[in-house]
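**Q** Could you build all of it, start to finish, from the sequences and the hints given here?
Protein chains: 2
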Amino acid sequence: MKNNDSSIGIVKPNSVKFENSLLLECGKQLKGFEMVYETYGELNTDKSNAVLVCHALSGNHHAAGYYEDSGEKPGWWNSLIGPNKAINTNKYFIVSPNNLGGCHGTTGPKSINPKTGRIYGPHFPVLTVRDWTNSQALLADYLGITTWHAVIGGSLGGMQALDWSLAYPDRVKKAGVIAAAPKLSAQNIAFNEVARQAITSDPDFQEGNYMEHGRVPKRGLRLARMIGHITYLSDESMKSKFGRELKEDKLSFGFNAEFQVESYLRHQGDVFSETFDANTYLLMTKVLDYFDPADKFDDNLVEAFNPILAQILVLSFSTDWRFSPSRSREITNALIGAKKKVSHIEIESSLGHDSFLFPEERYVEVLKAFLGS
Amino acid sequence: MKNNDSSIGIVKPNSVKFENSLLLECGKQLKGFEMVYETYGELNTDKSNAVLVCHALSGNHHAAGYYEDSGEKPGWWNSLIGPNKAINTNKYFIVSPNNLGGCHGTTGPKSINPKTGRIYGPHFPVLTVRDWTNSQALLADYLGITTWHAVIGGSLGGMQALDWSLAYPDRVKKAGVIAAAPKLSAQNIAFNEVARQAITSDPDFQEGNYMEHGRVPKRGLRLARMIGHITYLSDESMKSKFGRELKEDKLSFGFNAEFQVESYLRHQGDVFSETFDANTYLLMTKVLDYFDPADKFDDNLVEAFNPILAQILVLSFSTDWRFSPSRSREITNALIGAKKKVSHIEIESSLGHDSFLFPEERYVEVLKAFLGS
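Residue numbers (our numbering), protein chains in the order written: chain A, 447 to 819; chain B, 447 to 819.
To be clear, the hints were calculated from the coordinates, so they are not data collected in a lab.
Any given hint might turn out to be false.
What the hints assert, rightly or not - Okay, derived cross-link-like pairs now, SDA-like style, lysine to any residue, Cα gap no bigger than 25 Å in a straight line:
1. K685/B with D744/A
2. K742/A with L692/B
3. K463/B with L503/B
4. K685/B with D741/A
5. K696/B with A740/A
6. K474/B with E694/A
7. K696/A with Y710/A
8. K687/A with L747/B
9. K696/A with E471/B
10. K463/B with V482/B
11. K696/B with F743/A
12. K519/A with S709/A
13. K786/B with K814/B
14. K696/A with P568/B
15. K687/B with E518/B
16. K620/B with V482/B
17. K620/B with Y588/B
18. K463/A with S557/A
19. K463/B with L589/B
20. K693/A with D741/B
21. K693/A with D744/B
22. K787/A with S819/A
23. K474/A with S698/B
To be verified - Some, not all, of what chain A presents toward chain B, calculated at C-beta under 7 Å:
24. V572
25. A632
26. Q633
27. A636
28. V640
29. A644
30. S647
31. P649
32. R665
33. L669
34. M672
35. I676
36. D681
37. K685
38. F705
39. V707
Built from N, CA and C at the ideal position, the CB exists for glycine as well.
**A** The structure is reproduced here in structure tokens:
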């Protein structure tokens with residue numbers, strides 16, 4: 447039991463199966479799908495206290511608490527979701543789904559394609575954030591939630607929150623758009639592309655049919671994670687975490703992991719390659735690349751934001767260079783231009799893009815105030 | 447003939463073989479080695495006009511002019527080296543060697559180890575910038591050059607120029623330290639490490655013995671180059687070069703190269719993987735990681751710079767995020783602290799780290815003035 451950190455404690459995932467077809471943005475129909483999710487706290491009688499939490503690229507539905515059989519590692523936002531925490535489980539009913547296309551239980555590339563009876567693998571349709579929003583709307587319907595008190599997320603999850611306020615304006619009261627950008631830059635896409643190339647050029651990838659061949663493109667996944675990880679940390683946080691510290695006292699003049707940052711990255715890559723699905727990773731990076739709400743409005747973000755009714759909080763972190771504060775401000779400025787209810791807070795933090803995962807004091811206060819206002 | 451761009455025209459590489467052993471920083475002896483180099487312009491009678499040009503990570507001795515049999519692509523600094531150019535071949539005798547450990551003719555991992563009669567491959571010793579400086583000093587001796595009018599280079603080449611002023615203070619009148627840092631940050635090392643992992647985890651790498659097995663770790667080299675390339679460009683230059691432009695008019699919902707930046711990176715990776723040696727790439731990144739003149743002085747860079755006699759120009763570029771202006775200023779500030787002759791110019795340029803390769807007007811003027819002063 448891990449209740450001493452005021453965690454929500456032991457949690458269990460739920461699952462729901464939707465039988466109807468979902469029309470995707472690519473034009474394809476998904477013939478029914480399963481969605482895995484967790485909930486924390488209690489839904490009140492008028493169902494007005496529901497908060498949707500959206501995960502990022504490699505996240506999943508396990509956002510808070512612990513699983514009974516693996517008491518060690520809590521959910522990815524455990525430090526922010528719990529009794530009296532930033533997202534207070536004593537006040538709110540928090541819903542945290544695994545995104546469509548994921549690899550942790552929700553229908554995705556690892557699932558069986560009902561049309562063929564075989565694993566989807568590389569044939570799983572390429573998705574968009576809007577597809578996720580639509581699938582999550584079905585989950586809201588299923589749970590009887592007409593309107594979210596808030597939709598909130600960091601990074602890709604922040605884009606998801608923004609998209610909710612665009613796609614279902616009257617179903618979102620507040621949207622928390624954290625460490626996000628209105629669309630990826632060419633550099634962001636470039637990093638994603640190198641990660642994809644690492645995976646697809648791994649001989650074990652087998653054009654995406656690795657499961658059928660009993661193989662796992664671990665080398666590619668490992669590299670993809672290492673590349674991603676560099677962009678999650680700031681140069682400053684790397685400096686304070688590792689500096690140029692050597693594992694041994696002196697230079698080895700060889701190619702084993704020598705600086706501490708090297709063994710850290712290798713370890714991150716190893717763990718990830720054991721647990722994440724390669725086709726899902728490809729899919730998630732593509733969802734990121736495709737996100738661009740202004741695309742259908744001639745790049746006019748102000749016009750794109752017209753439908754929004756929600757009160758929006760845009761949060762950025764000073765040392766985030768993946769989606770820097772200036773990228774977040776593009777969102778804020780367009781919201782101001784569109785005369786929307788928006789506030790923007792930039793949090794001082796040395797932790798880079800990953801800052802959104804950590805309970806920095808001001809960050810926690812701002813989230814609490816926003817949700818409670 | 448390509449003389450219309452005031453190029454130096456057709457050039458030919460030279461080669462020299464040193465028979466004596468070279469003691470390396472790792473403690474090993476290199477039993478003789480060959481060094482390939484090019485020269486442009488004429489050495490004057492008192493041998494006082496020699497300029498040593500130092501190449502970066504993936505560069506080589508072909509810095510200016512054209513080869514007769516491949517008239518298309520000039521040397522990597524052709525826009526800066528030539529008649530009346532920034533590094534004026536009418537005034538200076540320019541020497542441009544391929545670094546030890548390289549893969550373009552100078553002894554390196556592709557060479558035969560005289561001790562074993564077999565290709566060095568992964569057994570080529572891990573080098574340092576100081577080893578290069580020492581080997582280039584032998585080249586200077588051979589050419590009869592007691593004192594360089596200037597030693598100059600960008601990126602790793604800039605570190606090389608700095609090291610010359612430290613190792614042989616009385617043999618360097620001026621050092622041009624361009625787009626460099628006093629040592630790599632943890633983030634810099636991290637990028638190098640991912641590139642190395644891409645190469646060493648390629649099944650064709652064969653623990654470095656790929657040549658003996660008739661294989662080439664092209665996938666790994668390709669990824670390494672793509673990763674490197676992202677760090678050479680600024681977010682701004684990527685934006686102006688590619689933006690989020692699609693190759694076709696609309697999203698493909700597939701995994702072929704879709705955004706222009708993707709096909710650009712793939713192309714860069716492909717070309718590089720055809721021409722560069724994997725063991726050399728590993729070696730060069732390690733040389734970069736190891737560079738740290740303050741290491742033996744308890745991280746006191748001011749003290750480390752004490753021996754310097756040369757006049758030093760430190761040049762940085764506004765959008766360089768690989769070795770940002772603030773990293774270059776660390777060099778300058780320590781030189782000021784050590785009461786050395788130093789000037790620092792920050793050039794406004796949108797081209798990121800690669801700026802040092804392009805003849806931006808102010809950059810050219812500053813270089814001319816520095817060399818001619």
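**Q** The structure should be examined with respect to each hint, and the outcome stated for every one.
**A** Evaluation of the provided hints:
With a C-alpha separation of about 17 Å, the suggested pair K685/B and D744/A falls inside the 25 Å cut-off, and the hint holds. Between K742/A and L692/B, the direct Cα distance comes to roughly 14 Å. Compliance with the 25 Å bound is thereby established for this hinted pair. The straight-line distance between the Cα atoms of K463/B and L503/B is roughly 23 Å, inside the 25 Å bound, and the hint therefore holds. For the proposed pair K685/B and D741/A, the alpha carbon gap of about 16 Å is at most 25 Å, so the pair holds.
Between the alpha carbons of K696/B and A740/A the distance comes to roughly 14 Å, so the proposed pair stays at or under 25 Å and holds. Only pairs whose Cα atoms come within 25 Å are accepted, and K474/B paired with E694/A is accepted, the gap being roughly 20 Å. Of the supplied pair hints, the one linking K696/A and Y710/A holds, its CA atoms being roughly 18 Å apart against a limit of 25 Å. About 22 Å separates the Cα atoms of K687/A and L747/B, which keeps this hinted pair within 25 Å; it holds.
Note on K696/A and E471/B: the hinted pairing holds, with a Cα-Cα distance of about 12 Å set against a maximum of 25 Å. Of the supplied pair hints, the one linking K463/B and V482/B holds, its CA atoms being roughly 9 Å apart against a limit of 25 Å. Using a Cα cut-off of 25 Å, the hinted pair K696/B and F743/A holds, with the two alpha carbons roughly 14 Å apart. Between K519/A and S709/A the alpha-carbon distance is near 21 Å, which keeps this suggested pair within the 25 Å criterion.
Between K786/B and K814/B the CA atoms are separated by roughly 21 Å; this keeps the pair inside 25 Å, and the hint holds. Pair hint K696/A plus P568/B holds up; C-alpha atoms about 21 Å apart against a cutoff of 25 Å. A threshold of 25 Å between alpha carbons decides the hint, and for K687/B with E518/B the separation of about 23 Å falls inside it, so the pair holds. A C-alpha spacing of about 24 Å is found between K620/B and V482/B, which places the hinted pair at or below 25 Å, so the restraint holds.
Note on K620/B and Y588/B: the hinted pairing holds, with a Cα-Cα distance of about 21 Å set against a maximum of 25 Å. Taking the CA atoms of K463/A and S557/A, the gap is about 13 Å. The hint holds against a cut of 25 Å. Pair hint K463/B plus L589/B holds up; C-alpha atoms about 12 Å apart against a cutoff of 25 Å. A threshold of 25 Å between alpha carbons decides the hint, and for K693/A with D741/B the separation of about 16 Å falls inside it, so the pair holds.
With a CA separation close to 18 Å, the supplied pair K693/A and D744/B stays within the 25 Å bound. Distance restraint check for K787/A and S819/A: the Cα-Cα separation of roughly 13 Å lies within the 25 Å cut-off, and the hinted pair is therefore satisfied. With a C-alpha separation of about 13 Å, the suggested pair K474/A and S698/B falls inside the 25 Å cut-off, and the hint holds. For V572/A, the shortest C-beta to C-beta distance to chain B is roughly 4 Å, which falls under 7 Å, so the interface hint holds.
A hinted interface residue such as A632/A counts as satisfied when its beta carbon comes closer than 7 Å to some beta carbon of chain B; here the least separation is about 4 Å, so the hint holds. Proximity of Q633/A to chain B holds as hinted, the smallest CB-CB distance being about 4 Å (cut-off 7 Å). Among the interface hints, the one on A636/A holds; its C-beta lies about 5 Å from the nearest C-beta in chain B, closer than the 7 Å criterion. For V640/A, the suggested interface contact is upheld, since its CB lies about 5 Å from the closest CB of chain B, less than 7 Å.
With 7 Å as the threshold, the beta carbon of A644/A comes within range of chain B, its nearest partner Cβ sitting at about 6 Å, so the hint holds. Here the hint on S647/A is kept, as its CB sits about 4 Å from the closest CB of chain B, short of 7 Å. The interface hint given for P649/A is met, as the beta carbon of that residue sits about 6 Å from the closest beta carbon of chain B, less than 7 Å. Because the smallest distance between the Cβ of R665/A and any Cβ of chain B comes to about 4 Å, under 7 Å, the interface hint for this residue holds.
Of the supplied interface hints, the one on L669/A holds, with its beta-carbon coming within about 6 Å of a beta-carbon of chain B, less than 7 Å. The restraint placing M672/A at the interface with chain B holds, with a minimum CB-CB distance near 5 Å, inside the 7 Å limit. About 5 Å separates the beta-carbon of I676/A from the nearest beta-carbon of chain B, less than 7 Å, and the hint is met. Interface hint status for D681/A: upheld, as the beta-carbon distance to the closest one in chain B is roughly 4 Å, under 7 Å.
A least Cβ separation of about 6 Å between K685/A and chain B falls short of the 7 Å threshold, and the interface hint therefore holds. For F705/A, the suggested interface contact is upheld, since its CB lies about 5 Å from the closest CB of chain B, less than 7 Å. The beta carbon of V707/A comes within 4 Å of a beta carbon in chain B, closer than 7 Å, and the hint placing it at the interface holds.
When each numbered hint is compared with the structure, no violation occurs for any of them.
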